Amino acid sequence: MSLAFYIALAGILFSIGAVTVVVRKSVIISLLGVELMLNSASLVFITFSRVLGDYSGQVMAFFVMIVAAAEVVVGLSIVVAIFKSRATTDLDQNVALRK
Amino acid sequence: MSLLPMGAWPQMSGTGEAVLFWIVGSLMVCGALGVLLFRKAAYAVLSMVVVMVGMAILFFALEAPFNASVQVIVYTGAILMLFLFVIMMIGLGATDGYLEQRRGFIWAGVLFGGALAVLLVSAVVISTVPGPGQIADDPYSNVPVTALAVNLFQEHWLTIQVVAALLITAAVGAVLLTHSDNLGPKLSQRSVAKARMMLYKKTGRHVGQMPPPGVWATGNAVDNPAIAGDTLEVSEESIPRVLRLRGLEKPMGQVSPQVAEALRLARTDDRSVSPWGGKVEVKQSKAWGMRGDGAPTGMLQMHFEDTATEETEEAK
Numbered sequence: 000m001s002l003a004f005y006i007a008l009a010g011i012l013f014s015i016g017a018v019t020v021v022v023r024k025s026v027i028i029s030l031l032g033v034e035l036m037l038n039s040a041s042l043v044f045i046t047f048s049r050v051l052g053d054y055s056g057q058v059m060a061f062f063v064m065i066v067a068a069a070e071v072v073v074g075l076s077i078v079v080a081i082f083k084s085r086a087t088t089d090l091d092q093n094v095a096l097r098k
Numbered sequence: 000m001s002l003l004p005m006g007a008w009p010q011m012s013g014t015g016e017a018v019l020f021w022i023v024g025s026l027m028v029c030g031a032l033g034v035l036l037f038r039k040a041a042y043a044v045l046s047m048v049v050v051m052v053g054m055a056i057l058f059f060a061l062e063a064p065f066n067a068s069v070q071v072i073v074y075t076g077a078i079l080m081l082f083l084f085v086i087m088m089i090g091l092g093a094t095d096g097y098l099e100q101r102r103g104f105i106w107a108g109v110l111f112g113g114a115l116a117v118l119l120v121s122a123v124v125i126s127t128v129p130g131p132g133q134i135a136d137d138p139y140s141n142v143p144v145t146a147l148a149v150n151l152f153q154e155h156w157l158t159i160q161v162v163a164a165l166l167i168t169a170a171v172g173a174v175l176l177t178h179s180d181n182l183g184p185k186l187s188q189r190s191v192a193k194a195r196m197m198l199y200k201k202t203g204r205h206v207g208q209m210p211p212p213g214v215w216a217t218g219n220a221v222d223n224p225a226i227a228g229d230t231l232e233v234s235e236e237s238i239p240r241v242l243r244l245r246g247l248e249k250p251m252g253q254v255s256p257q258v259a260e261a262l263r264l265a266r267t268d269d270r271s272v273s274p275w276g277g278k279v280e281v282k283q284s285k286a287w288g289m290r291g292d293g294a295p296t297g298m299l300q301m302h303f304e305d306t307a308t309e310e311t312e313e314a315k
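If you're matching them up, the sequences are chains A and B in order.
Under numbering that gives the first Met the number 0, the final residue of the first sequence carries the number 98; numbering is consecutive throughout.
Under numbering that gives the first Met the number 0, the final residue of the second sequence carries the number 315; numbering is consecutive throughout.
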């Protein structure tokens, strides 16, 4: 079996994450979908790190993780702020800009 | 598979790794589908944990032990627990009825995801990537971690600084975003006492404390209203102001239907003389259910039947 299977698995996880972002209505679960996509990107980086025998991919995966942590902190505090003012986290009901 | 032109990639290290990959990989796909399909946000987060731990196992197999450890510590330990905290804050019972949106949207999303998966997988399958297929250092020594550290702090030292700024900004941003302003000016004990005495002077209003929330046999939460004994109405001030402003207080009929019915019956009788608002001089409380001069009837035990019979007897 070749190492390409790791990349294929990452592609499948990325697609599931993308569908999660698009289909789900709850902000929190959409953020989970974003996390899934970021993680599959990390898997690609680390697989290529092994394929090419180079540590740079692992370094990039590390940075992806840091950026994901920062993104989650800010994203979740925005969710909490929205919930405080609107009492809902439904993406389809927060349409203040449209009205 | 033979229909497609297969590209050449480095091979896995053996059957063991292939078995590990299939077991962990299928578990991860199941976890990801759980994130996609579970209606309750808490279940979605827990199935995300499966994906994260599986990812860490694959990182070990891919000769990245440091990334695997950090994956467990940071992702599973910190980020997903943050998700769980937020779910606890905004309500665990909140379900996501995502199936209630238009069918076309769901099908478009699934079609988009399937097309993306087919595209990515087929691009990987037909591609060719030459390479050694393993990291040259001994995976059972410290070398992989130390080499990663050297790479990180020599080649990417500026990025580390920028990342530090990013993390601090994120922390400050989180504090700023979740910070809530005071709804009114801060009250001191002295100013409250003074304001109450002024109000008493002006309107004759009672100077005591605000009525606390009601304590009923069926519940004593802060959103349960108390009953004002003088008016036989639900006392609005017994509910904390924040709950009232957001419309989160429970109506009496929801807290205790029996009490609500008894109140309605009691109100039809003209016994609702205010002990302190009106001109009656109070010797004993004539409040509802209390003993005393001209005590109201039938309220020793609050049953709908009792008040009903009382009511009918008085009507006769």
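Quick caveat, the hints were computed from the structure, so don't treat them as lab data.
Just to be clear, a hint being listed does not mean it is correct.
To be verified - With a straight-line cut-off of 25 Å between C-alpha atoms, the simulated SDA-like cross-links for lysine to any residue are:
| id | chain 1 | residue 1 | chain 2 | residue 2 |
| --- | --- | --- | --- | --- |
| 1 | B | 249 | B | 212 |
| 2 | B | 39 | A | 80 |
| 3 | B | 39 | A | 53 |
| 4 | A | 83 | B | 161 |
| 5 | A | 83 | B | 38 |
| 6 | B | 39 | A | 55 |
Here the structure is a predicted model, which means the values were calculated and not measured.
Structure-based check of each hint:
no. : hint          : result
1   : B/249 / B/212 : holds, 11 Å
2   : B/39 / A/80   : holds, 21 Å
3   : B/39 / A/53   : violated, 41 Å
4   : A/83 / B/161  : violated, 32 Å
5   : A/83 / B/38   : holds, 22 Å
6   : B/39 / A/55   : violated, 38 Å
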